[in-house]
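S.K.: For the sequence shown, counting from 1, position 748 maps to 748 in full-length UniProt numbering; every step adds exactly one.
Treat the hints as calculated values from the structure; they're not laboratory data. Check the hints yourself; a few may be wrong.
Keeping only pairs whose Cα atoms sit at most 35 Å apart, straight-line, the calculated DSBU-like set for lysine-lysine is [to be verified]: (1) K843 / K896; (2) K37 / K594; (3) K787 / K735; (4) K843 / K787.
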Amino acid sequence: MTAPDTDLSQTTNSDNNIATTFDPAAIESRWYAEWEKNGYFKPSGSGVPYSIMIPPPNVTGSLHMGHGFNNAIMDALTRFHRMKGNNTLWQVGTDHAGIATQMVVERQLAAQGVSRHDLGREKFLEKIWEWKAESGNTITKQIRRLGSSVDWSRERFTMDDGLSNAVKEVFVRLHEEGLIYRGKRLVNWDPKLHTALSDLEVESVETAGSLWHFKYFFADENLKTEDGNNYLVVATTRPETLLGDTAVAVNPTDERYQHLIGKQVRLPLSGRLIPIIADEYVEKEFGTGCVKITPAHDFNDFEMGKRHSLPMINIFNLNAEVLGEFDYFEKAGAPITSTITAPAEYAGLERFAARKKLVLEATENGWLDKIEPYTLKAPKGDRSGVIVEPLLTDQWYVSMAELAKPAVEAVQNGSIKFVPEQYTNMYMAWMNNLQDWCISRQLWWGHRIPAWYDDAGNIYVGRDEAEVRSKHNLASDLPLRQDEDVLDTWFSSALWTFSTLGWPENTPELKTFHPTDVLVTGFDIIFFWVARMIMMTLHFVKNEDGTPQVPFKTVYVHGLVRDGEGQKMSKSKGNVLDPIDLIDGIDLESLVAKRTTGLMNPKDAPKIEKATRKEFADGLPAFGTDALRFTFCALANTGRDIKFDLKRVEGYRNFCNKIWNATRFVMMNCEGHEIAQEARPDLWELPERWIMSRLQRAEAAVHQHFGDYRLDLVAQTIYDFVWNEYCDWYVELTKPVLNGDTSPERKAEVRRVLLAVLETSLRLLHPLMPFLSEEIWQTLAPMIGRKNTPSIMLAAYPQPDLSKISDQAESDMQWLQNLISAVRNIRGEMNLGNARLLPVLLKNLSATEREQLERIAPLFKALAKVESLEILDADVEPPLSCSSVIAQVSLFVPMKGLVDPKAEQARLQSSIDKLQKAVDILSNKLSNEGFVAKAPPAVVEVERAKLAEQQEQLGRLQVQMTQLAAL
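Just need the whole structure built from these sequences, with the hints factored in.
M.R.: Structure below.
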């Protein structure tokens, strides 16, 4: 450890007073503004480079618990490395969020009775840029509230000029290499927003539905099933797609249908003949074991259609309404070869209206076999809330096979490491089953696809129209129109690590900070973002020797923040917490209003309001940023789910108060008093040797845990040292010295150690609690010779000095703590109070423990308020006492003369009666077979544990009654 031997001034400045209570609101905005104004978040320009890229939040977004968790981890890593002397960059920026942003502005226009089509594309985009300038930076303000030390001078936006040029460059190069193409494939189609969606933009919502069983009659009237029927019963959850069926499938091992494979059935309504095929994908146990295959409207059917070369029939338009003429494709990706006329009464019907009509017709005409209730996962657009429709459309795709190969090798050879390692398998599983990536979206806001068409339908790709004409020798008067679609926002995000640093130019920033050191992200976007960044970076960014460069060396994958019950946080469940509310506090009425406003289903509002009022009767108190950040770090374990418990935040707010009050004690005992200028180990006694030793171990553990990305262990280590060892023990151990008849030199040295350990602890704590640590450190800085360091974030991070570790001091202190705790427990059990001096007897001590006792006896007697201390021989029986056992050592406090037996027996009997009543109630409850059978096992276990604890307490009280009776 290097901190405690820093120069300490002999006298203190009496102006260094600290407020009576810790008020986070009073210090947070002030310190953040100071840090940002002075440029402390920028790279220092010296030291080994260290860089992190922020996962760019949506420009439309507001801070949620996932952002808060993710930012707390990244800021802790950034501040740690900055204090270690690294040339540190935390790159910040936001994503243009194509669908979300377009929806926000369209809603604003709709309120004025205007649509984007009324304005036209250019005017509409102007409106979006105006919105961004006025309202689009809410989340960046909130990131500041979290204390995130990002370099705001380098803030980027995925639609700024530099990043837009990088996007066009990548698109053109990939197209020239044959890795981007245009084709017709199945996509998630949002009928409301009229765009394709990525899988990440689709939510699977559990929905109560039905399983309809329809009769498909054999084309050959002589064919029969084993049951003697001349039809197959086909089960489906989407009857309306029957119009586009091109086969019925069974499992090849299903003996019921093997004789029918290769035969034909007649499709209800149209009479069109379709084959019976065999495919292992079909589950024999699902429905009847026969499933209809609609390749143009189901992703699994699409793949089966390709395997069996089935034709594909598109029955819906872009509004998910039944077409008058169906588009007929001979196979996937082929152009339309013909059309099929739809049943006249269905043409133009919305899909669910068509479903209703089809089921009614099936009932009336006798080909509906039955309907069963069925719970299914309905795919809904996360923005529109409508059920998405798998639809065959022309889209732009990235061919993934060639890009994936080096991305797999980079993880296999260790160039990129996943932490925890278990996510390597998840990454590999996805990379080995890649589908081509649909990158086009039918929106106006976003990076417009750099492709142009002539009237003949030819496609030309280039960085701009002028390049297209020059490159393809096109006449200047040849009419060209640019593709109307924009790119998936994940396309530009995939370039994030290098486009933000100036690529395609080989900028100094790119050379210095790329590859980045670590990506901090949730496991839910390993597929959608992490893998694509790896593929794109390896393909486009090269080292000086021409070898591919990775985007980051480590992917630190954290879990997702859930509520205290482990449930996903969602507005529909009413369990969402806003990090800003936890920081600043919010009254009950405002909290209810926030939770019930803007619900997708307003019917949920009464339920959510009731739950909110029950759980938060007093609203949410203001916990402050530091308590919330520390909570996030303390929860950053290796699991997939992070259960967020408000009691943890409350506990860490108490931790802030503990540090604050300990500081006030230190200041009151150091200001205006002599403080040793240099360390005097010759004046150290057990408390100083012990606290210095424990500090070194804490520092070493913190460094190891940061290196292992175990922020939970970093938090636990600091918490245990600061609260349990420094505040609860060392501060208490100094009181007899500072208040007693001790030499001035020793008092001065104890004050120096008090200050030095506190100052070092604040530097240890700073990455997790930046505001509290800065505020207190600024008060201590003039007292410890740090007047030339303007901020704690520019001070050096503590390094352990292993020479100051003392096993003997730690062992002696542990022995002392055990003895003191034993005496304190006896005081509590026998209601003896804290002021009375007690006689203490010890028995069964080893030779080592006797030696230790000699070293610690004065401290033990002073701190435990021991009147006399005697060691009994092994064959000597102690007088009637209250006792405690420490390993094999027995500690006794004789009771005679210390208590009034009758009064104490009356007090104990009252406690015994209450406890016995509680034990009887629990015993009866657990002996009730109905309760044990019906209650959840976890509830039963809690009740059993409670009973065992109360029975143990009852036993202790009864022993005390027996002892008192003998007095």
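S.K.: Please name the hints from earlier in the document that this structure breaks, with their numbers sorted from lowest to highest.
M.R.: Going through the list in order, the structure violates hint 4 alone and respects the others.
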